[in-house]
Amino acid sequence: MRKLVLSLTSLAALVLAGCNASPSSQQNGAGVAASGSATSGVAANVVSGTVALREPAQLSPKASLVISLVNVSSTAQSGTAPLASKTVSPVTTFPQSFELTFDPAKVNPSDLYVVKAQLTDGERHYTMPLQAPVLTNGAKNEVSIQLVAEQTAAEKDLAAFNSLEQQIGGMMVKSGTKLGDGVSRGWQVFRQAGDIKFIRELVDYGDKGFTSTDFAYKDGKPWAAVQQKKASRTAKPTSTDSASWAENGTLVLKLHESDGKTETLDSDTASSLHQQAVSILSLATGGKNK
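The numbering used here runs 61 ahead of the 1-based position in the sequence shown.
Hint data in this document are derived by calculation from the structure and do not stem from the laboratory. Keep in mind that this is a model prediction, so the values were computed, not measured. Treat the hints loosely; a few may be bogus.
[As the list claims (entries may be wrong)] Taking CB as the label site, the calculated pair distances span:
#, residue 1, residue 2, range
1, G310, Q192, 36 to 46 Å
2, L240, K291, 14 to 24 Å
3, T330, D280, 16 to 26 Å
4, P190, T154, 18 to 28 Å
5, G270, P194, 55 to 65 Å
6, L263, P190, 36 to 46 Å
[As the list claims (entries may be wrong)] Each computed BS3-like pair below joins lysine-lysine, with the alpha-carbon atoms no more than 25 Å apart:
#, residue 1, residue 2
7, K167, K177
8, K235, K282
9, K351, K239
10, K239, K269
11, K123, K177
12, K279, K235
13, K123, K147
14, K315, K291
15, K239, K349
16, K349, K282
17, K322, K123
18, K315, K258
19, K315, K279
20, K123, K315
Backbone N, C-alpha and C define an ideal beta-carbon position, used for all residues, glycine too.
All chains, full assembly: derive it from the sequences and hints.
If you want it as structure tokens, here you go:
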């Protein structure tokens, strides 16, 4: 009789334990619930976190932040839509908190998922130097993301121009001069492997001023130009204009510096620099342009 009472008691305890078991413990193979997100107190269908800038920056009212939850596994089909995405525009403050709600049924536990964030402010792009994995393979559902500013196309051109200028000392050089009505012009042509890479032109306009201009070329076409304007040869520059052009002729770098201020170079001045680059190339090569 005592054995029967003990057996009934044990059976009742097992029944009560089964009733109190949570759905997640009964269905441990349901993708996201097994990733550890439940233990962190975050809902199994939500990815959250913050996005910050590594270096503080003054953003314009047009700045736009896009945050997406994407599958980056090698098995994921190219062009697959994000599981969730949101856009914040304008972005007024950082860090920026976010939540992305997704369908857990679309998550494959063996795949790799990350949160991607990209900030765009005009020509400036801010991207993630490190991935932010979530959901699977032991990753949590909360992430802290830092964005880093990328160089603009104009900044890349200016850096490449400065790098080329530092290399002209090792290039073949040929000089030339030309005297005109009230104008004295001199130049140096720098070649590398037979191709013209750089021309430095000095033009003395007498009492009308002096210009020192560096022109860079790619495939026989003007690529970039930096021109300093002075009152005389030995005077300090009063202004510096910098321009560069893409292969299709589109203006990329457009800077005007004067009195310690930097502004956008106007299109007429940029067009004039391009024409000067064409003219000095023709003059220095006797019309051969090579």
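Hint check results:
no., hint, verdict
1, G310 - Q192: 36 to 46 Å, "holds, 38 Å"
2, L240 - K291: 14 to 24 Å, "holds, 20 Å"
3, T330 - D280: 16 to 26 Å, "holds, 24 Å"
4, P190 - T154: 18 to 28 Å, "holds, 22 Å"
5, G270 - P194: 55 to 65 Å, "holds, 60 Å"
6, L263 - P190: 36 to 46 Å, "holds, 43 Å"
7, K167 - K177, "holds, 18 Å"
8, K235 - K282, "holds, 19 Å"
9, K351 - K239, "holds, 19 Å"
10, K239 - K269, "holds, 18 Å"
11, K123 - K177, "holds, 20 Å"
12, K279 - K235, "holds, 18 Å"
13, K123 - K147, "holds, 16 Å"
14, K315 - K291, "holds, 20 Å"
15, K239 - K349, "holds, 17 Å"
16, K349 - K282, "holds, 12 Å"
17, K322 - K123, "holds, 23 Å"
18, K315 - K258, "holds, 20 Å"
19, K315 - K279, "holds, 18 Å"
20, K123 - K315, "holds, 21 Å"
Checked against the numbered hints above, the structure violates none of them.
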